[in-house]
Amino acid sequence: MPSSEIKYRNLVISSAPHIHEGRSYSGAMYTFIIALLPAVIFAISRYGMDAARVIAVSIASAMASEYIIQKLFRKPVAINDGNALLMGLLMAFILPPSVPWWLIVVGCFFSILVGKQIFGGRGGNTFHPVLLGWVTLRFSWADYINYSYGAINYTLNFSVEYPLHVLKKSGAAAVSGLNYLDLFLGNQVGGTGASAVLLILIGGLFLIARGVISWRIPFSYLAGVAATASVFWLADSAKYADPLFHIVVGNVMIGAFFFATDYSSSPANKTAMLIFGFGCGLFTVLFRILSNNPNGVFFAILFMNILFPLLDKIRPAVPGKVMKEA
Amino acid sequence: MDVSLPKQSVLLIKKSANGEGMPALSSGESIKTGGKISDAEGKLLAYSPVTGTVAEIYNLPRVDGDFTAVDVNTSENDVWDENCRGIDNYFDREPGALVSLLCDSGFALDIRKDERPDAVILNCLESDLLVSINRNVLAEYGDTIRRGLRLLKRISGSDIVIIAVPGDLRDFAEKVAVDGSERIAVVDLLKPLYPFGMKEIIPRALSRKGIRRPLVITPEYLNSIIVFLEHGSPPVHKFITLIDRNNVRINMKVRIGTPISHILREGNIKISELDKLVLGGTMRGKSSFHAEFPVTADIDAIMVQDRDAVVTLGNEACVNCGKCIGVCPNKLQPHLLARYSEFSLFERCRDYDIDYCIECGLCAYVCTSRRALVHYIVFAKKELAKMAKEGDHAIESDNIGEGLACHPVK
Amino acid sequence: MASIAQEFTKGFWKEIPPFRLVLGICAALAVTKSLVDGFGMGIALIFVLVCSNIIISMLRKVIPKKVRLACYIVIIATFVVIVELITQAYVYSLYEALGIFIPLIVVNCIILGRAEAFASKKSVLRSALDGLGIGAGYTLALVFLGALREILGRGTLFAGSQYVINLFGPSFKPYAFMVEAPGAFVCLGLLLGIMNVLGD
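Protein chains in written order, with our numbering: chain A, 226 to 551; chain B, 18 to 427; chain C, 934 to 1133.
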């Protein structure tokens, strides 16, 4: 019967496919947050209310910044997608527990404004927003976010000096006495949550198991750190620390699993992911050893963030195309 | 399950872009089953699937293009057209003549004299999820298919005949592959995974590698070729899988032209507002805006999706997570293609091999941001085709200064 | 044709150089560590711009078309040397602060741009007013940028002069990032964005 006579039934029209795997962006973000929860508990149990304060202020200011900026930019407010919450949590994780509240607020605001929303919001950021915020803090208030200074007021059952500061100041001999297992279990000075190396690793493996991130970036990151540190160590083991030390201290774990794997600031092609991760590891060790800055993780990731669109040009050949050209 | 003949049947004829495809029929004219329907110049457009009188001819837009629809009031006793006669000794005919005969009769067989296929692949996997036509046809019409394979082997001139089946159909496939004491085909057991059943993918899924120019055919199609040669009857039936809102499947044999509403009634499925009616399977089917469309030869399944199960794919920003790259069977970058398409950079789409996208839908299935990736890609393809048709020489000029740009070999 | 008043006022909003024309960015980024530096740079630029506009406008029928850029550069460079020597003689601290950016006024896009686009076509009076307006607009922008960066990055105003005001008291921990080079880029970018939102 002609279409004019057809009783339209208001059926839904959409393009194929008609089913979806069921995951969503906010689901991925909340999985990230769940993966960080063990370290949150660890941080609160170790540093008490100070850690809780840092985490709460950080999350609150990140989400408030997101809300205000999205209102200002007349964008749909999407603070419930979990990204701002994750950014706040990550910011809290890499700051020492003693930082003043205003520093966290400034860092989070800068992260969300310049790091994320200026680039176009979700999916647009070329750099990891939190690291961009951290860099401005590092420029402005280096003493406040210094891990060694931050731990002075706590009674801890281990050295209150940041292992990488020890390495920079006193050389490899000074850190050779440290128990790596102890460091790995989280008995080291560092960021509020980032120093719980084992728990961060477990969280990262959970993310990989859930399929939220690919194994390629974190494992090639660790491989990059190990390989580069090995080269120096084998050349002069008295002067340079061994690769295992470089892996267990100073944010490498959280950098590899939670910062380098940020969706929009890391490559999407598989080969590119491997190169990206390895490059992060390489520059982490190079920054640590060759620059006068003891910590290299965040600068290395930011540096590779610049390169990632270029790396993403490395793409596999299309199988059908090879077939026709042959 | 056989679906009864509806009172009124609709014959859909695809319109070509320049407005051709108007059948030389008038209201009140009587047609017979299997009768040729031609346009004014005598070009074959379709075969009539039913016997009856033409009620009305009108335009009918479907999601994938414009069609001419012919409403036919069917009569209950089928009368076959007198021109439908089988071909005696078709097997002994000269291959080239047989191919051109089949092509003139409306069958699409990709056998060219200068470029013979290097293998014949009988694709018994399904073209989409939840569809189960080919396996049933293979099980039911084994003898016909065996004859068909022999014929294809002869007319294609290829020694390699592969029956690609899922593991549980091994026995049926072996029966088809062996003719008396002679083995005419090898059986390749494949995992019944999507999208192995797509004709572009199946040559790569086989255990035999190095097949460059395969002739891929489904059992259903092969069956209809042999029936046409032996009895002269063009395909008037179609096997479809009816999928209801709980994913319960019914396999049906339907007369082409039967309105979907009739099939739904026979299959006891009710459809209400805001449900989705999909012509085809879950991954590649096209949704339809009403249920009066007829079954055509290219519809493998009819799916009714509940309003609560309808998935909304939209245009949230891509977050570059890389999931789509991981699942793309052709190793494309669907996220980039969709982004270029979104911002009208269609030439960049071509640089990223959009022509090799087979629209399997896997990228959109896994998309973290739930973007309608396939929709964007299909849109870009259409725009590119439009540009090529308009004689737009932007492709050549675009190449200058982009030494790295590579275009697929045509 | 725009009125004579408009030639002067357009530089303050409609064609304010760093934000609307995005010209003179190099100096705008480098010398706006404090308000006073920005102001000094602006004054130097006004002087050079007005003088060179007047001279070029006077000579616009004499200068041959083919070598006009060389002629403009010679005229501009003359005034730049005058400015450089004056600052060196009388405000040495400013000369130190601005450093290489005073000689670099020679190749400042604003001056060459005004000479090419305006002074070489219009009358002397209009050119002088145009130079004054654009220069004042540039000074305004530099002062604003410098003030913003100085307040955030040091917590002071008018640093480098005898009228230093400490805005937030001694307990203030300045956001030193803002006086660094990246802070200048971020600040200028945000201001450009705000200008685009505000529109004409």
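Rather than coming from a laboratory, the hints here were simulated on the basis of the structure. In this text the structure is predicted, and so the values were computed from the model without any measurement. Ideal Cβ placement from N, Cα and C applies to all residues, glycine included. Honestly, I wouldn't trust all of these hints.
Stated by the list, open to error - Stretches of chain B that chain A covers, calculated by requiring three or more beta carbons in the stretch to come under 8 Å of a beta carbon on chain A:
hint: 1; segment: 194 to 202
hint: 2; segment: 287 to 297
hint: 3; segment: 305 to 318
hint: 4; segment: 331 to 337
hint: 5; segment: 346 to 360
hint: 6; segment: 371 to 385
Hints breached by this structure
1
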